[in-house]
Amino acid sequence: MQTSSDRHEYPAHWEADVVLRDGGTARVRPITVDDAERLVSFYEQVSDESKYYRFFAPYPRLSAKDVHRFTHHDFVDRVGLAATIGGEFIATVRYDRIGAGGAPASSPADEAEVAFLVQDAHQGRGVASALLEHIAAVARERGIRRFAAEVLPANTKMIKVFMDAGYTQKRSFEDGVVRLEFDLEPTDRSLAVQYAREHRAEARSVQRLLQPGSVAVVGTGRAPGGVGRSILGNLRDGGYTGRLHAVNKAFPEDQGNVDGVPARRSVRDIDGPVDLAVVTVPAEHVPEVVTECGEHGVQGLVVISAGYADSGPEGRERQRALVRQARSYGMRIIGPNAFGIINTSPRVRLNASLAPEMPRPGRIGLFAQSGAIGIALLSRLHRRGGGVTGVTGVSTFVSSGNRADVSGNDVLQYWYDDPETDVALMYLESIGNPRKFTRLARRTAAVKPLVVVQGARHGGVAPQGHTVRATRLPHATVSALLRQAGVIRVDTITDLVDAGLLLARQPLPAGPRVAILGNSESLGVLTYDACLSEGLRPHPPLDLTTAASAEDFHAALSRALADDACDAVVVTAIPTVGEGVAKDAALAEALRSAAAAVPGKPVLVVHVELGGLAEALSAAASTAPQAAGDTAARVTAGAGASWADADATGTEPPAVGVTTVSPAGTPAPDAPARADGAAEGQVPAEAVETPDGARLIPAYPAAERGVRALAQAVAYAQWRREAADPGKVPEYDDIDEKGTAELIAGHLARGQGLALDADDICELLGRYGVHVHRALPAPTPDDAVTAARALGYPVALKATAPHLRHRADLGGVRLDLADEEQLRHAYAELTDLFGKPQELRPVVQRMAPRGVDTVVRAVIDPAAGAVLSFGLAGAATQLLGDMAHRLIPVTDRDATSLVRSIRTAPLLFGWRGSAPVDTAALEELLLRVSRLVHDHPEVVSVALEPVVVAPRGLSVLGATVRLAPPPARDDLGPRTLPAY
Numbered sequence: 001m002q003t004s005s006d007r008h009e010y011p012a013h014w015e016a017d018v019v020l021r022d023g024g025t026a027r028v029r030p031i032t033v034d035d036a037e038r039l040v041s042f043y044e045q046v047s048d049e050s051k052y053y054r055f056f057a058p059y060p061r062l063s064a065k066d067v068h069r070f071t072h073h074d075f076v077d078r079v080g081l082a083a084t085i086g087g088e089f090i091a092t093v094r095y096d097r098i099g100a101g102g103a104p105a106s107s108p109a110d111e112a113e114v115a116f117l118v119q120d121a122h123q124g125r126g127v128a129s130a131l132l133e134h135i136a137a138v139a140r141e142r143g144i145r146r147f148a149a150e151v152l153p154a155n156t157k158m159i160k161v162f163m164d165a166g167y168t169q170k171r172s173f174e175d176g177v178v179r180l181e182f183d184l185e186p187t188d189r190s191l192a193v194q195y196a197r198e199h200r201a202e203a204r205s206v207q208r209l210l211q212p213g214s215v216a217v218v219g220t221g222r223a224p225g226g227v228g229r230s231i232l233g234n235l236r237d238g239g240y241t242g243r244l245h246a247v248n249k250a251f252p253e254d255q256g257n258v259d260g261v262p263a264r265r266s267v268r269d270i271d272g273p274v275d276l277a278v279v280t281v282p283a284e285h286v287p288e289v290v291t292e293c294g295e296h297g298v299q300g301l302v303v304i305s306a307g308y309a310d311s312g313p314e315g316r317e318r319q320r321a322l323v324r325q326a327r328s329y330g331m332r333i334i335g336p337n338a339f340g341i342i343n344t345s346p347r348v349r350l351n352a353s354l355a356p357e358m359p360r361p362g363r364i365g366l367f368a369q370s371g372a373i374g375i376a377l378l379s380r381l382h383r384r385g386g387g388v389t390g391v392t393g394v395s396t397f398v399s400s401g402n403r404a405d406v407s408g409n410d411v412l413q414y415w416y417d418d419p420e421t422d423v424a425l426m427y428l429e430s431i432g433n434p435r436k437f438t439r440l441a442r443r444t445a446a447v448k449p450l451v452v453v454q455g456a457r458h459g460g461v462a463p464q465g466h467t468v469r470a471t472r473l474p475h476a477t478v479s480a481l482l483r484q485a486g487v488i489r490v491d492t493i494t495d496l497v498d499a500g501l502l503l504a505r506q507p508l509p510a511g512p513r514v515a516i517l518g519n520s521e522s523l524g525v526l527t528y529d530a531c532l533s534e535g536l537r538p539h540p541p542l543d544l545t546t547a548a549s550a551e552d553f554h555a556a557l558s559r560a561l562a563d564d565a566c567d568a569v570v571v572t573a574i575p576t577v578g579e580g581v582a583k584d585a586a587l588a589e590a591l592r593s594a595a596a597a598v599p600g601k602p603v604l605v606v607h608v609e610l611g612g613l614a615e616a617l618s619a620a621a622s623t624a625p626q627a628a629g630d631t632a633a634r635v636t637a638g639a640g641a642s643w644a645d646a647d648a649t650g651t652e653p654p655a656v657g658v659t660t661v662s663p664a665g666t667p668a669p670d671a672p673a674r675a676d677g678a679a680e681g682q683v684p685a686e687a688v689e690t691p692d693g694a695r696l697i698p699a700y701p702a703a704e705r706g707v708r709a710l711a712q713a714v715a716y717a718q719w720r721r722e723a724a725d726p727g728k729v730p731e732y733d734d735i736d737e738k739g740t741a742e743l744i745a746g747h748l749a750r751g752q753g754l755a756l757d758a759d760d761i762c763e764l765l766g767r768y769g770v771h772v773h774r775a776l777p778a779p780t781p782d783d784a785v786t787a788a789r790a791l792g793y794p795v796a797l798k799a800t801a802p803h804l805r806h807r808a809d810l811g812g813v814r815l816d817l818a819d820e821e822q823l824r825h826a827y828a829e830l831t832d833l834f835g836k837p838q839e840l841r842p843v844v845q846r847m848a849p850r851g852v853d854t855v856v857r858a859v860i861d862p863a864a865g866a867v868l869s870f871g872l873a874g875a876a877t878q879l880l881g882d883m884a885h886r887l888i889p890v891t892d893r894d895a896t897s898l899v900r901s902i903r904t905a906p907l908l909f910g911w912r913g914s915a916p917v918d919t920a921a922l923e924e925l926l927l928r929v930s931r932l933v934h935d936h937p938e939v940v941s942v943a944l945e946p947v948v949v950a951p952r953g954l955s956v957l958g959a960t961v962r963l964a965p966p967p968a969r970d971d972l973g974p975r976t977l978p979a980y
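For the sequence shown, the working numbering gives the first residue as 1, with consecutive numbering after it.
Any given hint could turn out to be false.
[Unchecked claim] Straight-line alpha carbon distances no greater than 25 angstroms define the calculated DSS-like cross-link-like pairs of lysine-lysine that follow:
no. : residue 1 : residue 2
1   : 738       : 728
2   : 728       : 448
3   : 51        : 157
4   : 436       : 728
5   : 157       : 170
6   : 65        : 51
7   : 160       : 170
8   : 51        : 160
9   : 601       : 448
10  : 436       : 448
[What the hints assert, rightly or not] What follows is a set of in silico ranges between Cβ atoms, one per label pair, in the way DEER data are often shown:
no. : residue 1 : residue 2 : range
11  : 943       : 838       : 22 to 28 angstroms
12  : 533       : 189       : 43 to 49 angstroms
13  : 313       : 41        : 37 to 43 angstroms
14  : 447       : 750       : 47 to 53 angstroms
15  : 153       : 943       : 56 to 62 angstroms
16  : 101       : 727       : 47 to 53 angstroms
17  : 476       : 742       : 35 to 41 angstroms
18  : 831       : 727       : 49 to 55 angstroms
Just so you know, these hints were derived from the structure itself, not from any lab.
Every value quoted in this text rests on a predicted model; they were computed, and no experiment measured them.
Just so you know, even glycine gets a beta-carbon here, dropped at the ideal spot from N, CA and C.
Full structure from sequences and hints, please.
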């Protein structure tokens, strides 16, 4: 696109899509010679005032010389970027490299003058802020370290753009002009500003999709049935509060409505704005629909249509084209191949999905990449009884389908601010941007629980439509990193809902101490065992006997909750022969009133059915009287045990019941649900408001399920307490950061992907205070003796051949060799057993104090970032995978928890009378390795093995280090949407 005289080719990697402050999107790209007409048209639409602010004088039109200057760039010293929507400019920014005195200059001059111009119609949308991020990234790439800008004092909007960016800056006033100078190196404040803007923009973009004022269903069938007609009916029957339109180009000219909804042949024919279009036409017709929507100003699309990346390479290219086309008009997409979206808020009542019934409103947000799993989740919450779903139902639901644009990260941004969502549940089949997901998850989990189940976790079976950047990290490591970010990781969708129901209305436990009480000794013992298996600290079960009355339960629960040594209570209950609805209701009231007296401790029920009891309760409930307007107490029994092993296959799970009552304390059972969600003779459940403060006590049909949910709540509560004080990354006076950078640069000058030799490793690690015991090669017995004399006896003789390295169990190591005679004898033994010295690669090393052998590793993963890992050396790590992981940089609190996170940690703390080792020295080593990799991302891999931790101090006996140019980090650059 540029002429041959230009010094650089067109930089296509500068092109990017960005989300603006109001949730719309724009395309940022370099300005080229082909943009002359677009530039003139753009300038004509700018007000005289804005032109005056840009040029400091009346400037009604651009001259031919101006147009040439503003469209001809070398992409090094002169760069221009434009923000475009629909292919037309809405804003421009440019920089010109300058030298001393402000004269035009070339490299190595590292300062540039920057100027913006934004169309008045698009001012206030955050366009200038986004362009500043991108032009600053371009400038840094071209060796520019500082921007200067001259602004008229009256141009307060542009001054604010510069001042709010978070860069280190200097401000002066001279000759009636404000001069701003600021460094372009990202700072903690500039990154915080960038993340805050990203959050507002992405949350707003999802809000526009979930809270539309008008919806058009494009592809509504002329006859009943079909996807489009079904979604139209679901929107209408769900009570959508906005304007609804049916669109199909095959409608007759005179067709005025479909099922009472205004009908149009094209989106263009709709009078007034359309905020959301639900697209159900075949994939080959979607581009035409997108064009119509874009030209009409539609804000977002939900594409139900399949036939994209889910159908193979041709469909994948079709999907890329779809995203590019939609973004060119400033629209975001959910889908394609999506199940739809739901918002139960009474202000919206949006059911733009294939779900035939609107879920009951509640406080749980659901996100599912899979439509089938989305159906299962909605069904499970809907079928667990009005007592559960009438209060802990759904706030919003998003099925992302192929997740071509809007992802779980975007929905997390929305949920973080959403006052109607208390708990977030997510089913993920892939994580497209793990760095960003962990950052957003950590922030979200600090204020509301985030529960995640991940499909395709064993690799290689992710759906075609969900292709993302691969991570080299095993699933166990990814899970550990998610837990570090506060995510509650579960394995099945049954666990997902179980945990969500407990977290939605019960307080977080203060610790792991659990009281167990109930009317079944056997069920109490099962619950006790389940608590031990989950790492909780249960008290001995209290058996109230099968003769226990509601008053006995109330008294026992009250005592347990009043006990300072109790953090949570599990109530076990079995029905007795002849028990009826009235007794169940009395028990519900007894538990509720006792729990309400101590609102700071969680209570849950393990409720086991006897054959036929559910049917009897259901039959009795259908005729139970209910006073109009009352919010009744509800007791929903669990389903049969045959459902207990349901997993993420979409099989219907056992119901989880809930016990709650009205403030007046009048209990009554549920009636069978009608199609509209109401019990017979009652108002629909979604219309019933449970007053704030009502205690919901979830009941589980199996002890292990309830206890597992409680254990997850305990771990999450502990994370919340620790997250309030995350610790700090310590400084060490003996670290030579500058010298290490020079050393690394020298090594990389020799080539990429460099594995350092032993001497270079010792020098590099030594600059960060990590000292490796020297191992001298011993190709002959005489060389071994010479090495031992240099190191000093006693020594160790080791075979370092790959098949023997770190395998003391194979006999390739001889320890405590006190003199030359023992050394020569050991050398002869090794060569007799394993072969020639050339094959063994023997080395001699001075003996280290005895202790516990451990391993410390750090690696930079292209997708997840830098990860620090720790475990015990040998079988614990290699066979059992007993490793703990933390994201780098690691704080002092992270290092402390890392050491204690492995299952074999007791070996470090005096297990079975052994001497405790120096864990303080071990934690310092972890922190130093973390600092090395964080300060120098060129260190892409470090492995210290073994690290022998003694009662006093430690010894690093082996180390490998690999250097390479660091992988690009998309979390430090300007805000962008994933590229297509």
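So, going through the hints one by one against the coordinates:
1. 738 x 728: Within the cut-off at roughly 22 angstroms; holds.
2. 728 x 448: holds, 24 angstroms
3. 51 x 157: With Cα atoms ~14 angstroms apart, residue 51 and residue 157 stay inside 25 angstroms; holds.
4. 436 x 728: Measuring from Cα to Cα gives roughly 21 angstroms; hence the hint holds.
5. 157 x 170: holds, 18 angstroms
6. 65 x 51: At roughly 17 angstroms apart (the allowed maximum being 25 angstroms), residue 51 and residue 65 satisfy the hint.
7. 160 x 170: holds, 14 angstroms
8. 51 x 160: Status holds; Cα separation ~18 angstroms.
9. 601 x 448: Within the cut-off at roughly 17 angstroms; holds.
10. 436 x 448: holds, 18 angstroms
11. 943 x 838: 22 to 28 angstroms: holds, 25 angstroms
12. 533 x 189: 43 to 49 angstroms: holds, 47 angstroms
13. 313 x 41: 37 to 43 angstroms: Roughly 38 angstroms apart at Cβ, these two residues keep to the hinted range, so it holds.
14. 447 x 750: 47 to 53 angstroms: Since the Cβ atoms of residue 447 and residue 750 sit about 49 angstroms apart, the hinted range of 47 to 53 angstroms holds.
15. 153 x 943: 56 to 62 angstroms: holds, 59 angstroms
16. 101 x 727: 47 to 53 angstroms: holds, 49 angstroms
17. 476 x 742: 35 to 41 angstroms: Hint holds: Cβ distance 37 angstroms, inside 35 to 41 angstroms.
18. 831 x 727: 49 to 55 angstroms: holds, 50 angstroms
Checked against the numbered hints given earlier, the structure satisfies every one of them.
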